[in-house]
Amino acid sequence: DAGITQSPRHKVTETGTPVTLRCHQTENHRYMYWYRQDPGHGLRLIHYSYGVKDTDKGEVSDGYSVSRSKTEDFLLTLESATSSQTSVYFCAISGAGGTNYGYTFGSGTRLTVV
Amino acid sequence: QKEVEQDPGPLSVPEGAIVSLNCTYSNSAFQYFMWYRQYSRKGPELLMYTYSSGNKEDGRFTAQVDKSSKYISLFIRDSQPSDSATYLCAPQQAGGYNKLIFGAGTRLAVHP
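Chains as they are written, first to last, in the working numbering: chain U, 6 to 119; chain S, 987 to 1098.
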């Protein structure tokens, strides 16, 4: 996916451990988002950012925190991973709040909590 | 009630069929209506979008919005096996910053 990279692509971790997922963009877009995707639920917004150090919660933010110290990087941290956080995590970017532009998504991180 | 409802399928059709994918929504403030396509183990990609009511055509794809009934449709003509993917509708409010709200997605399989 041009301009947006997620790392790692796959991760297996143990219950109770902290986990950090990274999203890196080269588009200089203002807005960045973290979603999780689960069968039957579609894409659910975890947190989003509208600028450096400016973040806000989405609909499923419990157990997650984010940080954005640079325009290009948006980190998602699972403070103490639980099995319910096993999911596919997608980062997305947009230049103007999404209107008329939509979002560009990364390739996803497949996280398994055992 | 969810803001956006979408039949998850799966929908299986033969190659060449006309496919109709649909969503309903509850928020009358939605003004932009987007469709995303997601291939297996990939991120969603923007397929097309419309503003307000009406139709928009792009090749074999037509997006249709009926705001009076809060109904969104995506039609695929002459469907191909390469169209096999999950399709997500995503409406959005206009003005300022507004997040996209995604439907759960409809899984489509086009078989030769």
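Don't read these hints as lab results, they were simulated from the structure. C-beta atoms are modelled at their ideal positions from N, C-alpha and C, and glycine is treated no differently. Among these hints, one or two may not hold up.
Here are the simulated lysine to aspartate or glutamate pairs, EDC-like style, with alpha carbons at most 16 Å apart [as the list claims (entries may be wrong)]:
#, chain 1, residue 1, chain 2, residue 2
1, S, Lys1085, U, Asp78
2, S, Lys1053, S, Glu991
3, S, Lys1085, U, Asp61
4, S, Lys1053, S, Glu989
5, S, Lys1085, S, Glu1001
6, U, Lys75, U, Glu64
7, S, Lys988, U, Asp78
8, U, Lys75, U, Glu32
9, S, Lys1056, S, Glu1001
10, S, Lys1028, S, Asp1069
11, S, Lys1028, U, Asp43
12, U, Lys58, U, Asp43
Far from chain U, by Cβ distances over 10 Å, these chain S residues were calculated [claimed, not checked]:
#, residue
13, Gln992
14, Ala1003
15, Ser1012
16, Arg1027
17, Glu1031
18, Ser1070
19, Lys1085
20, Ala1090
21, His1097
Next on the checklist: Check the structure against each numbered hint from earlier and tell me which ones fail, lowest number first.
Outcome noted: Result: hints 1, 5, 6, 7, 9, 12, 13, 16, 17, 19 and 20 break, sorted rising.
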